[in-house]
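Let chain S serve as the given structure and place chain L on it in line with the hints.
In the order they appear, the protein sequences are chains S and L. At position 138 of the first sequence (counting the first as 1) the number is 138 in this note's numbering, and the numbers step up by one without a gap. Each number in this note's numbering corresponds to the 1-based position in the second sequence with 1000 added.
Rather than coming from a laboratory, the hints here were simulated on the basis of the structure. All figures in this text were calculated on a predicted structure; none of them were measured in a lab. Among these hints, one or two may not hold up.
In silico DSBU-like links for lysine-lysine, alpha-carbon gap of 30 Å or less [to be verified]: (1) Lys1429(L) to Lys68(S); (2) Lys1266(L) to Lys13(S); (3) Lys1240(L) to Lys67(S); (4) Lys1164(L) to Lys1174(L); (5) Lys13(S) to Lys1240(L); (6) Lys1533(L) to Lys145(S); (7) Lys145(S) to Lys68(S); (8) Lys1164(L) to Lys13(S); (9) Lys1429(L) to Lys13(S); (10) Lys1325(L) to Lys2(S).
Away from chain S, derived, C-beta distances all over 10 Å, residues of chain L [said to hold, decoys possible]: (11) Ser1187; (12) Asp1403; (13) Asn1538; (14) Ser1591.
Don't be surprised by glycine CBs; every beta carbon is placed ideally from N, CA and C.
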Amino acid sequence: MKINVNDKDYTVKATGNPSLLEVLREQMDLTGTKYGCGEGACGACKVLINGTPAISCITPVASVQDKKVTTVEGLEKNGRLHAVQQVFLEEDVFQCGYCAPGMIMSAVALVEKNPNPSKQEIMESMQGNICRCCTYPQIIHAISKAGKI
Amino acid sequence: MKKPEVEDTAHYPEQYELYETPAFKSPLSRRSFFKQMGGGIAAFLVFTDVLASEVLGNLDTKEKSLAEDTIAAWIHINEEGKITVFTGKVEVGQNIRTSLAQIVAEELFVPVAAIEMVMGDTRLTPYDRGTYGSLTTPQMGPKLRKAAASVRELLTEMASQEWKVENGSLQMEKGFIHHPGNGDKLSYGDLVKGKKLLQKVNEEVAVISPEQWKIAGTSVSKVNGRDFITGRHKYVSDMKLPDMLYGKILRAPANGASLERVDTEKAKQLPGVTVIQDGDFIGVTAPDSQSAAVALAMIEAEWGKSPQPSRKELFQYLKDQGEQKEQKAEVEEAFQGSNLQLEQTFHIDYIAHAPLEPRAGLAQWEGDQLTVWTGTQRPFGVQEELEEVFGIPKENIRVIMPDTGSGYGGKHTGEAGIEAARLAKEVGKPVKVLWSREEEFKWAYFRPAGVIEVKSALGSDGDLASWEFHNYNSGSAGIEAPYEAGVRNTHFHSSRSPLRQGSYRALASTANIFAHECQMNDMAVMNQTDPLKFRLQNLKDDRLIAVLEATAQAFGWNQSKPTGHGFGIACGAVKGGYVATCAEVQVHPSSREVKILRLAAAFECGAIINPAHLKSQVVGCILQGLGGAMFEAVDFKEGEILNPSLLSYQVPRFQDTPELEIVLVDRKDLPSAGAGEAPIVGVAPAIRNAIFDATGVKLNNLPMLPNGVVPDVG
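Pulled out of the complex, with its shape left as it was, chain L reads as follows:
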């Protein structure tokens, strides 16, 4: 793969959000897959099944794939009544394997255990742009719900014809349709007889309303949970193929360095080792990972570094390199005309996703057919990347994504899989490439750094008279503040990023909402208004108001607090999820150490599909967000990452966990939205506002307190 230019990556965060592909890109030949499998599809598809590749050679690649508007593209019922669901979405810990199965089970009146989810396999599942942007629940959920309800319609139709009875008189239960009069029953498997359901999905089909849900809306446990607690689940990093070799890639010492001289002779002498060189791409393969690492270490390389900005000049650089945007005279006029003005700047550092499973890829060539197993949030995107790298038709490339050791927006790319495929092609054997923790820190991508400037003013009535907001580089997600303002001017200024940057849980919403919520807090304080009341006065969004009030109540916002303690509140809406967060902190009077005593959050994302897993996402967002809020930051100098390890880059641990109170607001009258992102946005500003409340110090940079101590003067 071409190394991304700095310019190309400048818009990564939003690029993925806006990326629209042609309506349908066809994965190959699912029909022949079904032919191959006959009725026994479920038995074959115990996934993470590396043997899957054995079947591939027999597939006829010329057949047309199943159209996305047919039921069969999404759901198959075999002769034994086992239901298989196909989706291009992938599981990285959001527990959508469970929630999507619940949605289908609900419509088909079967237990969740009757359903097998086939996910993120470019050969077997319909095209999918990727698992990001909290889109699974609002988009894939309804799609599968309609497909399942269409199956239900078909089944009842078939049974009513068989029995010559009225369609509406039939009852469905646990995989059977019951005759209204004579006690007979037919199983789904008997009705479908293993045939593909080529009927179209009925877009107008009646679905079960959330008020009637019996399986959706309940806390079903992770469907394959046992595999994880026994160590049986095979992540890509755990997979092994016969004759497989381990690959390692030679990396530059710094971002943007170019290879000037290389000597691979010593490495080549090692038994079992192959060195592969293609321009700047140099890799080794060996029968075990240790030999591969030794071989890599024996390659002598000299690199030429290119001058580039370091962390200490980062924010000035982002501002200087930012694009210019129009000013609005009326906004400046309204600002100048007010007695209560506030102008602040916020700095946001780069942070790393640090997924616990570093990037991993396993590649196997069989003739001109390539199969790549890799932990990516975009299997179809990686398929396209591989198509570009090898110049072979997409139909010859299969990308498979087994449930992976997390992503948080950090695994949109497929580097390890592509590297494995390059090495495997040269060496003629399957190759697995596992990134080290250091590689993951240095050569993945980061949440963008940014500079945010906010200027706002209040009218005499306590309403916002003007609002001016500029974000340099960190992104435009969530940039519009939810508050009403007399006049406003909001701009995202793209800039040049010294480091490779990309998506991260909630994208730039975390940074933008941090700035909104600090600014609103400080204006409330200037105006001597309670920060909750001030927000409510300037908000019209009922859903945001509802979570603010729910959080305040759960937290006890109006309670008194001991000296040295501070309360803070913040709220935000991201992709259909509404969150408000309250924090209580204690600042030690002499050491100035901060202790986060408790956090409360109310979250609403429409009708809840799985309360326990939703709560887990909310808790996970809040605690992960605590890292970026308090101490996480990527340190770098002239293109070199200075803290590329879990010893030097601090992430939240057990002892960082404060008391948490989570309120889930279930709105059965509203469509379900995603929850893996929105709850992260409230934690940083709530804590910052609580520290301000306790000390009068404004901490306007993320992370706020890398050493945990509040400076004396804000």
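Isolated chain S (complex conformation):
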């Protein structure tokens, strides 16, 4: 089947009904999107499907046919980071960084919808993303700046 990821069309094998996460990572080598729990509980695998954040570990690849998938690798345009990436980089948010792609995809979706989220709105919107290093305050701070860029 064909899927569109980061504005490119790909032909992928969908036998056995693999998850979008498996296809991104194993067939397309887009390994920015991470496995964290396999049940949609941690947010490490978040991508955007038609601009809406989605949990790729429990999304069958067959369901994204004819839709536009964006992964963390697709945010950078012509060598320029997305505003959210830029602010996360400047604010030096992360420790181990494994949650970073999922955090950034959730934050991109939030900021594009609501450029000036309150702290409460950020916490509610990001509740599905786990950072085990617990850099939550730094992430909240970065997101609150991102919309202002």
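Same frame as chain S, now just chain L:
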């Protein structure tokens, strides 16, 4: 690997702390690596570079490795002046790739960007016992600082000979040495000419004092930060080799279960699937992970379970199985002779590290040469484990640890790497094994559970007259309370742990300091003394006193508080780090729900190397500690883990984040200590004492409130 016996794991937490190896175990043939690389080492070492393995086949394995007392073991400068630093320490999010680079940059007068850190590679870096115990900053930091300062000494010596000028008249700046008179300059690369620096590290070399630091002591950003926010960094779980297969391992349904019957025929029929069986070890490989999972599911296995304790009898079991220790008559006498006595028991549940990147291992055999990439805090330890499993010389085994998705003490072992190596050997192709979240919960190891009994009494002067403290199973780290006491008796009683247990951030300090600080709080209240004042009265440690006072001031300890609110305070010292924490909680009068409104903490660990990253560690410790304090607990029944998922095992999330105020106390006059552990110890007792202050209820178990509601009677 042999499955660890219950008895063998009983001492895991302290074993790692006390584990001493022979002075030097040699990694192989770094010299030939340099020969191979010539001056171009940095270009080759864009790590996470899977191609690294291609070079291995050409290495002469018989050469002696670089002695650890030579500069070249630690630092190399190539012809272009690029500086490469070698350390066996690993990056799991502590940001030591950055802080160690800062230390070297400081001594060499170069920007941090001029330095490439090669970390945790058994072939390229000097032997290292492992990255744990907050040892990187106090031990590896000074080692690299001396090596770098020795390089500086050498460079100035070389330049002074070249120019025939006085050594002391030379200025160094941004990778160049400047002539004192004629404006000439020489780059480090020109001076060293790509040669190995075989001179010995000068142990007495002058180093830059913290007061003069320009790069160390500043908030340099994570050196490879861009790779993480773009998704470009390759964790082991992201790596791929040509022809690589995905491996899965058959697991027992419960701890201690033995395989009674197995049928792998159906799995074997699947295209591309290989089933590997070696006794109880059964694994499958397939060209993609989904096929591997399907094949695994088609293996029919029957297991015999062995009877073992469940969570509901855990604490009684740990106590019953605990070793006996001597009593001291004078301690009991002093206790009995006092009017103010307090005797309490604390229960500590098992908790899981739940690193967001589950265990991952990638293995490749080339003839009798094995390379394993795995996320472990002990690459050299995993090399030894592999040596034991395969009976091949260590020189033939290379373990590489790319920056990994966290550990918190939970990745001291190398299971996934060993499993990958076993499968790869049988199948004749590289194999990657990625543990699922469920495997990570069930088959890694836990922070030990424990029972702590404390008995103490006050003299008429308000000083501690007696202190008796017994910890069953959770460990001896931080067991000695910092308070002065007339007589004391403190014991760790090792016990039999029903579950596999091991290191966790701060080890048993979290449990022991929880008990110390609850006990001290309650004695203060019994004595009608302010808990801060009571601590100060019984403490002599100036550094602990300083952080207590700094926290109290930042928090506003003496402020009044609304009804239903409570204040709590606690302090502790772990591995050269000193922390005090204050908490304000609000308990709803009818629902009894607890809200942690704010936490304040002051932390001191000597001279600060990177303030922003230090603050991040302190915040991370506090918030991660909140989980174990409030709600995290491993539930199990007869060897089976009942909550092996992130839906059923709760960890701290965004909405658990209270207001935080962090005070970093910079002591430039004291050596730098680690910071990834100590700040965790204050959060649980501070909250517990605040809840006691608000309600009069003593919550003496960790986690305190799995359902968030304070019981009516303590």
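Results for each hint:
1. Lys1429(L) to Lys68(S): Violated. Lys1429(L) to Lys68(S) sits at ~36 Å, over the 30 Å cutoff.
2. Lys1266(L) to Lys13(S): Since the Cα atoms of Lys1266(L) and Lys13(S) sit roughly 23 Å apart, the hinted pair holds (cutoff 30 Å).
3. Lys1240(L) to Lys67(S): Holds - the C-alpha atoms of Lys67(S) and Lys1240(L) are around 28 Å apart, at most 30 Å.
4. Lys1164(L) to Lys1174(L): holds, 22 Å
5. Lys13(S) to Lys1240(L): Cα-Cα ~18 Å, so holds.
6. Lys1533(L) to Lys145(S): Violated, at about 41 Å.
7. Lys145(S) to Lys68(S): Distance ~27 Å between Lys145(S) and Lys68(S) Cα, so the pair holds.
8. Lys1164(L) to Lys13(S): violated, 70 Å
9. Lys1429(L) to Lys13(S): holds, 23 Å
10. Lys1325(L) to Lys2(S): Violated, because 69 Å separates the two Cα atoms, which is more than 30 Å.
11. Ser1187: Since the minimum Cβ distance to chain S is about 30 Å, Ser1187(L) lies beyond 10 Å and the statement holds.
12. Asp1403: violated, 7 Å
13. Asn1538: The assertion about Asn1538(L) holds, with a minimum of 32 Å to chain S.
14. Ser1591: holds, 21 Å
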